[in-house]
Every structure is written in C-alpha cells, then in structure tokens.
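The residues making up each chain are set out below.
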Amino acid sequence: MIPTRLFLPALCLLLAACGGGSSTRVDDQNASASDFNWNMPGWVPLPMEPANNRITEEKFQLGRHLFYDTDLSGNGTISCESCHQQDKAFTDGRVRPVGATGEVHPRNAQSIANAAWLRTLTWGNPALTEIEQQIVVPLFGIDPVEHGINEANQDMVLARLQEKPEYQSLFAAAYPEQDDPLFGELAWQNIVRSLSSFVRGITSFRSDFDRYNAGEVGALSASAKRGMNLFNSERLECFHCHEGYTLTASVRDRRITPTVPAPFNNTGLYNIDGISGYPAPNTGKYELSGNPADMGRFRPQSLRNVALTAPYNHDGSTATLRDVIRNYAAGGRNITTPPHVGDGRMNVNKDPFIVSFTISEAEIDDVVAFLESLTDHELIDDPRYSNPWLEVTVQDTAP
Amino acid sequence: MRIVLPALLGLGVVLTGCGGSSSSSSDNGSGGGQPGATQVSIPFRAMVGNEPFECGRTYAGIGLNGGNNAVGNDARLFIHNVRFVTNDDREIPVTLDDQVADHQKAGAGEEGIALIDLRDKSLGCTGEDANPDYYDTVTGRADIADENIRALRFSVGVPEKYNHIDAQGGQPQIDADSGEPIPGSEATGPLIASGMGAGGMHWSWAMGYVHARLEMQVPASSNVFYIHLGSTACEGEAVNGERTCANGNRPDVEVDGFDLRQHVVRMDLASLLSGNDITVNQGGPFGCMSSDVDLDCLPIFERLGLPFPGGDPDGDFAPVFSAVDAD
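These protein sequence lines are chains A and B, in that order.
In terms of the numbering used here, the first sequence opens at residue 1 and continues consecutively.
In terms of the numbering used here, the second sequence opens at residue 1001 and continues consecutively.
Simulated from the structure, these hints should not be mistaken for laboratory data.
A virtual CB, placed ideally from N, CA and C, is assigned to each residue, including glycine.
Treat the hints loosely; a few may be bogus.
Reference listing, derived: stretches of chain A covered by chain B, where coverage requires no fewer than 3 residues with Cβ under 8 Å from a Cβ of chain B [claimed, not checked]:
#	segment
1	127-134
2	149-160
One side of the interface only, derived from the structure: several residues of chain B facing chain A at Cβ under 8 Å [claimed, not checked]:
#	residue
3	GLN1171
4	PRO1172
5	ALA1198
6	GLY1199
7	GLY1200
8	TRP1205
9	ALA1206
10	THR1232
11	GLU1235
12	VAL1239
13	GLY1241
14	GLN1282
15	MET1289
16	ASP1292
17	PRO1313
18	PHE1317
Between the sequences and the hints, there should be enough to build the whole structure, so can you do that?
Structure (structure tokens):
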C-alpha cells in the first residue's frame, strides 16, 4: 500500500494525481508483489518488465558479473563499469567517456539507477523503449565504438567468457530451461537479457528526501526544505519536468500506462547560428525523427543522485549544479565564444516552462541542498550492486 | 548455410532441378511454387570497376579528384520486391524460395526478402575465417516462361513493414489497442540479427535494419569510408508496429537488359563512390550513415537514385547496378 502522506501536492508524486488525462490507471495486479528482491521501500510501484525477460535473482547475479567483466569487450579493455561506476551513482565523472578503441562518446555517461522506470533510454533517443534494446548499443555499436564487439571478434569474446569457471554455474542457474545457455545458440541473447536484469534491478530510493517523505521530518535540513519549495514553485518550474517519485516525467510503472508521448524538452542550451541548432550529433530527439521541432529536445533526467553525477547535461557541458541552476535562471544559455556561439535563450524550440527567474545566491544554495538531499548514500557502496569479481579476489588471497 | 561457392558464379544462371533454358522450363517437380512458374536464380556480384570486390584487396583511383586507394571492407545488402519487366512493361513478381533459411524469407513483393552477402571468402572482411555467410544468388520462381524480359527490378533494403520488428529477441510486435501480437511480426530468416546485432546489419540505435552496408577502407588514414543505408526521420513506437520513416532510403533499382541466361547483376562500388573524395569527411561519421545533413551522403544518394536535400536523384551517372556477362 502506498501511504498517501508521501505525496506532496506540488510534487504530483503519482502521475495519476497530476490530473488531466496524461495517463490511464490500470488494474494493480502484481504492481507490488514480486519474488525478486527489488531492494526498495514497499511504497515504490514495481517497474514494467518485458514478457520475455522476467527478472530473477539468478539473471540479476549473472548480469552483475557481466557488467563488471572487461572480457566482455572486443579488446578486453573495458566493461560497463568503465563508464558506469558505483561510487559516482553509476556515471564516470568525465565530460564524455571513451570506448574500447579510444573513440570519444558524443554524450555524457548516464546514471543507470532506476532505469527500470524510464519510458525511453538514453539522452535523446525516443526509439529505445526497453533496456534490452539499449544494451546492444554499447556492446555492438560502431558509432561510437564502446565495447567494440563485432562480427569478427564476437566468437573470441564469447570464448573468453566460456572459459571462466564462474560463468558455467551462473549461466546454468539463470537459464535452467536451456540445455546449454553458455555455449548454445542463445548465449548472446542470454548475455543481453541478464545485463538488462542487473540494470533493471539497480534501484535507488533511500535518500534523505525519501526519509523525509516517509515521515522523518528532520531528514531534510532547513536549507534543503527551502530548496524543495523553490524547486516546486511556479517561479522555478522545475517540478513540471522532474516530477514524481523518480524525479523525471519520463516514468512508467505497473499501475500506470501513459497515454501521452514520452517527454523530451529543449532547455535552451544552444542556438547555433541563431537558427536554434544544437551541435551535431547531439541534436536530441531530432537525430532520429528529423522533425525540426525536435531539435535540441532531450529526455528530462531523473535528478536522483544528481549531486554524484557531475558534469551535467547531455554533452557534459555544464560543470556544476550551480551552473545548471544559473542556466535555468537565465532562461537558457547564451554562448558568446566559439565554437557554438548562439543565444540558447532565444531557441524557438525551448520549452515554455524554461522561463527566466531571479534567484539569489542563498536561494541557489538552497536548491543545491535540496538536490543533494536526493543522494542515496547507501547506493554507492551497496554490496548488492558492487563488483563481484573483487569479492572473489579477496577470498582467493585470504590465508 | 554455404550454398553458393564462387565457382558456381561462372554458371551464371543456375536452373535448379531443370537444367534447360529459362524460357522453356516450367516446374513440375519439387514443390512450393505456383504451377507453371519457372525456377530462377539471379546471381549478384560486387565489383570495383571491372575488378571483383575482394576483402582486403586494394583498388586504385576510387572517388573524386583523381581518386585514391581504397581497400575492400564490406559488401552486403538486403533486397526485396524482386520482379522482371517485360518488353511491354508489365512486372512479373519473383516469389523467393525459402530453401535458404538464413538468407531468404520466402514470398513475393515485400514478403520476399534476401540478405546478399558479397564479402568474398578471402581474409580481410571478417577476420580469421572465410566468410561462412557468403550468399550471392537469389532463388525463386516467376511466371516468365512465355515472356520477353527486358529488365530486372528489385528494391534494396528491408521493407517498412518489417524494418522495425524485434531483430534481437524475436518478440512479436504488440498491437497498442488490442494488446494482441501482430501476426508475422516475429523476425525470421535473414531478419534475425546474427550475434544479437554484432552481425552489423541491424541498426540498434535507430531500431531498424541496415538496408545496405558497403565499405571501403582508406589506407592513407586507416579510416573506413562507411556507406550504411538505413531509413531516417522515423517516428512511432516500434514495439507496437507503429514506427514509420519519412525517408525510407530503399533504392528501387532497374537492371536494364538483364538476361537470366547470360547475366549477373553487378554492383559497382567504384560508380557508387565516384562523386566522393573518400579521404575527406564532410560531417557526421566517416562516410555516409544516411543522415540527410551528412554531405558525404549527397553524391551517394544521387547515384542510388534516392532523394537528398540539394541532390539530383534523376542525375545521369554510371549505374551502380548493371547487367554484365557471367564469365
């Protein structure tokens, strides 16, 4: 059951509570019953999962091993962890990450905690609606190369995994219905599905903000409370896009089937040549839709753990949270030095909620304090999500 | 499946189970086709100018400005809607067989899809092993026994109906209103992406197939000049079978004068690249990955007869696809 006191009216924590036909409530069957250890408070509604990949602890554990295994790359140099590190809420601290062959990714690495609730994956791609679809992109993509697995080396990569004793039992446990899940035809599919299960199982709802919502009024500092009120005010308008229990409007769960298109907004970061351009290839939803109105539209990010995920924005072009807030206060970003000169405040695609507002330095401190209260300090050293290969090493070297 | 050895190329037309000329043989035997239909085999061959395309082989004079050296790297394409054109301009569909499950999806029109893989079996394209997926001859049946054929036509790529299905997991698409699976929307035959997408003919980022993947490596810079044709400007939910693309980017090709008894279909990468300086990247990824703001695509799209902003799809260029003698 979901205690109603959790839901501050201004936050619209439940989409359904926001009124106005943005979603359909469906039967709550199975919304909160699961054998899987989701590692989260009971009030959080369970995420969607595809019919062909129901989560199990065994798939989750196999996925966890694969996530941290550099053998799962063309040249054995990188793993998912290279760009998604637990101590940084599964980001990497870099402006833009580098793949196995040295290619720089055009976008900033995203946190993958709570990815299970997102309506679309990645910064600006509306086509990737399932984690299973997204994960093949870093594994096999060539533009940019991330893991660098391709037709020429995929058998070799698989052979490296097949040699490891750990995987014999992990694959067998995860796919008991298959004769030979590690050596058989479905091996790659099993890899993708278990990685998806691990990602789907990384949840993060243990912040001070959550404790406050659960009734611990002292969990937020006075400054964070002021910041929360600013965040939810009609002056700052933040809550329109960073709303609900995941702090993003891009949310779906087992109770609610959204009937409106997945959200993408232009926040006025660029306006190249005064014709509302964003620097290629980071054109957001436009990259795939080709619709000029989609230029510069990106998915509203979840702000959970955002204090751990600097630098910010789709291309890592904003260094600090204070800078993010200043951009919003200006109603966009006016860039006066090359290469991307242009006044983002005047971008024609800018969302109507990106309005300029005056804000004092003390108020910025408060908003930052609120954003910091969204940090789940247990996430970053939760052994459930940590590198399992390290545990093995420690055991091996113990006398 | 290793069906067609390069040696068979020399035969040009392979009339399976008939062994006569295509104009006289009608099918009475091995099942499936419509009665009276002739079994046909249409061989494809990748060339660079007059030389056969080989992985790892260096070709001189490729592209604009006197041309540059380029090394064969990839030559694959999907085709569908294969048909013959008669002298009086009627189209006669070829119903592809499903004899070769990994390479052909049986049917005519947009149901009949073949994945043609013209990377030769030498080293260079796929690394250590000779290419087990080599597949150069489309087979099917067509009612051409009593016809005078003047051309072959086909479309390059995966038809829109199948372009956004789940290539990785083989899940059917689900109708958004009824919640029911959409019949026929499960990936079969050549539409099953090998190795979950490592095979390179699925464009996972855009949730669609790579219609054609033609690549030459440029030794001077060690860059690969990619030509990856795929549909762009797409919207709608792929999982619900609602995704459509404003730019299909599926060239419809006519191979004029094609005669089954003596010809193969030549796909010429030198003609395709004749409008590009392959040492220069004019935007986006090196070469052309179908973006309509990547200027490297302009001359390539023109030569494929595809619309492109500022390009001329009806321009007069040496054909990329043509009929040449099988020898």
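Results of checking the hints against the structure:
1. 127-134: Coverage by chain B holds for the segment 127-134 of chain A (6 residues, Cβ < 8 Å).
2. 149-160: holds (count 6)
3. GLN1171: holds (5 Å)
4. PRO1172: Not OK, violated: B/PRO1172 not within 8 Å of chain A, min 10 Å.
5. ALA1198: Holds, about 4 Å.
6. GLY1199: With Cβ-Cβ at 5 Å, under 8 Å, it holds.
7. GLY1200: Nearest chain A Cβ about 6 Å off; hint holds.
8. TRP1205: holds (5 Å)
9. ALA1206: Holds - the Cβ of B/ALA1206 comes within 8 Å of chain A, reaching about 6 Å at its closest.
10. THR1232: With a minimum Cβ separation of about 6 Å from chain A (threshold 8 Å), the hint on B/THR1232 holds.
11. GLU1235: B/GLU1235 check passes; min Cβ-Cβ to chain A is 5 Å, inside 8 Å.
12. VAL1239: For B/VAL1239, the interface hint holds, since the closest Cβ of chain A sits about 6 Å away, which is under 8 Å.
13. GLY1241: With Cβ-Cβ at 13 Å, over 8 Å, it is violated.
14. GLN1282: violated (12 Å)
15. MET1289: holds (6 Å)
16. ASP1292: Status holds, d = 7 Å.
17. PRO1313: violated (18 Å)
18. PHE1317: violated (25 Å)
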